[in-house]
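Q: Given chain A's structure and the hints, the job is docking chain B onto it.
Below, each chain spelled out in residue letters.
2 protein chains.
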Amino acid sequence: IQQLLSEPSPKAPKARPYRVSNADRSVRKGIVAHSLKDLLHKVRDTLMLADKPFSLVLEEDGTVVETEDYFQALAEDTVFIVLQKGQKWQYSSKQGYQL
Amino acid sequence: IQQLLSEPSPKAPKARPYRVSNADRSVRKGIVAHSLKDLLHKVRDTLMLADKPFSLVLEEDGTVVETEDYFQALAEDTVFIVLQKGQKWQYSSKQGYQL
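So the protein lines, in turn, are chains A and B.
Taking our numbering, the leading residue of the first sequence gets 1, the next gets one more, and so forth.
Taking our numbering, the leading residue of the second sequence gets 100, the next gets one more, and so forth.
Careful, some of the hints might be misleading.
Claimed, not checked - List time: in silico BS3-like cross-link candidates among lysine-lysine, alpha-carbon distance up to 27 Å:
| id | chain 1 | residue 1 | chain 2 | residue 2 |
| --- | --- | --- | --- | --- |
| 1 | A | Lys88 | A | Lys29 |
| 2 | A | Lys14 | A | Lys29 |
| 3 | A | Lys29 | A | Lys52 |
| 4 | B | Lys184 | B | Lys141 |
| 5 | B | Lys113 | B | Lys136 |
| 6 | B | Lys184 | A | Lys37 |
| 7 | A | Lys85 | A | Lys29 |
| 8 | A | Lys88 | B | Lys187 |
| 9 | B | Lys113 | A | Lys37 |
| 10 | B | Lys113 | A | Lys14 |
| 11 | A | Lys52 | A | Lys42 |
| 12 | A | Lys88 | A | Lys52 |
| 13 | B | Lys141 | A | Lys88 |
| 14 | A | Lys14 | B | Lys151 |
| 15 | B | Lys113 | A | Lys85 |
| 16 | B | Lys151 | B | Lys136 |
| 17 | A | Lys37 | A | Lys14 |
| 18 | A | Lys85 | A | Lys14 |
| 19 | A | Lys42 | A | Lys88 |
| 20 | B | Lys136 | B | Lys187 |
| 21 | B | Lys184 | B | Lys136 |
Said to hold, decoys possible - Not close to chain B: a few residues of chain A, all C-beta gaps over 12 Å, as computed:
| id | residue |
| --- | --- |
| 22 | Ala15 |
| 23 | Arg28 |
| 24 | Ser35 |
| 25 | Leu49 |
| 26 | Pro53 |
| 27 | Phe54 |
| 28 | Ala73 |
Said to hold, decoys possible - Have a look at the derived ranges for each label pair, beta carbon to beta carbon:
| id | chain 1 | residue 1 | chain 2 | residue 2 | range |
| --- | --- | --- | --- | --- | --- |
| 29 | A | Pro13 | B | Gly185 | 39 to 45 Å |
| 30 | A | Glu60 | B | Asp123 | 16 to 22 Å |
| 31 | A | Gly86 | B | Arg143 | 26 to 32 Å |
| 32 | A | Gly86 | B | Lys184 | 27 to 33 Å |
| 33 | B | Leu148 | A | Lys14 | 30 to 36 Å |
| 34 | B | Gln171 | A | His41 | 31 to 37 Å |
| 35 | A | Lys14 | B | Asp137 | 24 to 30 Å |
No lab work stands behind these hints: they were computed from the structure.
For glycine and all other residues, C-beta sits at the position ideal for the given N, C-alpha and C.
Here chain A stands alone, though its shape is the one from the complex (with noise of 0.2 Å):
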């Protein structure tokens, strides 16, 4: 038992770092965490979303990221939006082919 505890297991999610943004895309912090878990908590302080419901969708293409598994499959650095009540994700007027 010392030693699992004192060596953590491989399996155990690294602390790795994410974008997040709001809505509109005005704001976007960066923002280190080990879980999806952790990630929420410290979006809804980074944030100052208070005690209101959001959801974390990714920045290229609008994907719901809900379950643990899924956000421990993504690549570090991942951007995601943060999306309240009422918003929904846009494609970002910055991207796309402009001529």
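A: Same frame as chain A, but now just chain B:
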């Protein structure tokens, strides 16, 4: 038996991340699954399809994915569309080339 339990078979499919949208692409969720059967099961729960029949098709061109071996040949983060009775795959209006 101990051996079998502690070392997963090299043939056991690894859990991989996928993305699944409903037919009108208004919702997209990230789901980790190790098999087509597992994904179908999780899609039913995640998109709240109750016991209605549905198919999974590739978002890019509507290819129906109904065999385990074809599923295993797909890349990580493949995007699927759920089609229920009467629904048809359509090109996304957000894709394609706009000039």
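Q: Confirm or reject each hint.
A: Hint by hint, here is what the structure shows:
A threshold of 27 Å between alpha carbons decides the hint, and for Lys88 (chain A) with Lys29 (chain A) the separation of about 20 Å falls inside it, so the pair holds. Restraint check for Lys14 (chain A) and Lys29 (chain A): the C-alpha separation of about 20 Å stays at or below 27 Å, so the hint holds. Proposed proximity of Lys29 (chain A) and Lys52 (chain A) is supported: the alpha carbons are some 19 Å apart, at most 27 Å. For the suggested pair Lys184 (chain B) and Lys141 (chain B), the alpha carbons sit about 19 Å apart, so the restraint of at most 27 Å is met.
Pair hint Lys113 (chain B) plus Lys136 (chain B) holds up; C-alpha atoms about 13 Å apart against a cutoff of 27 Å. In summary, the hint linking Lys184 (chain B) to Lys37 (chain A) is not supported, as the alpha carbons are separated by about 36 Å, beyond the 27 Å threshold. Our distance criterion of 27 Å between C-alpha atoms is met by Lys85 (chain A) and Lys29 (chain A), whose separation comes to about 21 Å. Proposed proximity of Lys88 (chain A) and Lys187 (chain B) is supported: the alpha carbons are some 24 Å apart, at most 27 Å.
Of the pairs offered as hints, the one joining Lys113 (chain B) and Lys37 (chain A) holds, with about 24 Å between alpha carbons and a cut-off of 27 Å not exceeded. Our distance criterion of 27 Å between C-alpha atoms is met by Lys113 (chain B) and Lys14 (chain A), whose separation comes to about 20 Å. Proximity of Lys52 (chain A) to Lys42 (chain A) is assessed by CA-CA distance (about 14 Å); at most 27 Å being required, the pair is judged to hold. At most 27 Å may separate the alpha-carbon atoms for a hinted pair to count; Lys88 (chain A) and Lys52 (chain A) meet this at roughly 16 Å.
Using a Cα cut-off of 27 Å, the hinted pair Lys141 (chain B) and Lys88 (chain A) holds, with the two alpha carbons roughly 24 Å apart. Our distance criterion of 27 Å between C-alpha atoms is broken by Lys14 (chain A) and Lys151 (chain B), whose separation comes to about 39 Å. Restraint check for Lys113 (chain B) and Lys85 (chain A): not satisfied, since their Cα atoms lie roughly 35 Å apart, outside the 27 Å limit. This hinted pair checks out: Lys151 (chain B) and Lys136 (chain B) have alpha carbons roughly 16 Å apart, not beyond 27 Å.
Proximity of Lys37 (chain A) to Lys14 (chain A) is assessed by CA-CA distance (about 13 Å); at most 27 Å being required, the pair is judged to hold. Taking the CA atoms of Lys85 (chain A) and Lys14 (chain A), the gap is near 31 Å; set against the 27 Å cutoff, the hint is violated. A distance of roughly 21 Å separates the Cα atoms of Lys42 (chain A) and Lys88 (chain A); the hinted pair therefore holds under the 27 Å criterion. Only pairs whose Cα atoms come within 27 Å are accepted, and Lys136 (chain B) paired with Lys187 (chain B) is accepted, the gap being roughly 22 Å.
The straight-line distance between the Cα atoms of Lys184 (chain B) and Lys136 (chain B) is roughly 19 Å, inside the 27 Å bound, and the hint therefore holds. In this structure Ala15 (chain A) is separated from chain B by more than 12 Å, as the shortest Cβ-Cβ distance comes to about 20 Å. For Arg28 (chain A), the condition that its CB be more than 12 Å from all CB atoms of chain B holds, with the nearest at approximately 20 Å. With a least beta-carbon separation of about 14 Å from chain B, Ser35 (chain A) lies farther than 12 Å from that chain, consistent with its non-interface assignment.
Every CB of chain B is more than 12 Å from the CB of Leu49 (chain A) (nearest about 21 Å), matching its label as outside the interface. Consistency note on Pro53 (chain A): stated as away from chain B, and its beta-carbon is indeed over 12 Å from all of that chain's, at 16 Å minimum. No beta-carbon of chain B is positioned within 12 Å of the beta-carbon of Phe54 (chain A); the least distance is around 16 Å. For Ala73 (chain A), the requirement that its beta carbon stay farther than 12 Å from each beta carbon of chain B is not met, with the minimum near 4 Å.
The hint said 39 to 45 Å for the Cβ distance between Pro13 (chain A) and Gly185 (chain B), and at roughly 42 Å that hint holds. At roughly 19 Å, the beta-carbon separation of Glu60 (chain A) and Asp123 (chain B) lies within the given 16 to 22 Å, and the hint holds. Distance hint check for Gly86 (chain A) and Arg143 (chain B): the Cβ-Cβ separation is about 27 Å, which falls inside the suggested range of 26 to 32 Å. The beta-carbon spacing between Gly86 (chain A) and Lys184 (chain B), approximately 31 Å, falls within the hinted interval of 27 to 33 Å.
Take Leu148 (chain B) and Lys14 (chain A): their Cβ atoms lie about 35 Å apart, and the range 30 to 36 Å holds. For the pair Gln171 (chain B) and His41 (chain A), the beta carbons lie near 36 Å from each other, so the given range of 31 to 37 Å is met. In this structure, Lys14 (chain A) and Asp137 (chain B) meet the distance hint of 24 to 30 Å, their C-beta atoms being roughly 25 Å apart.
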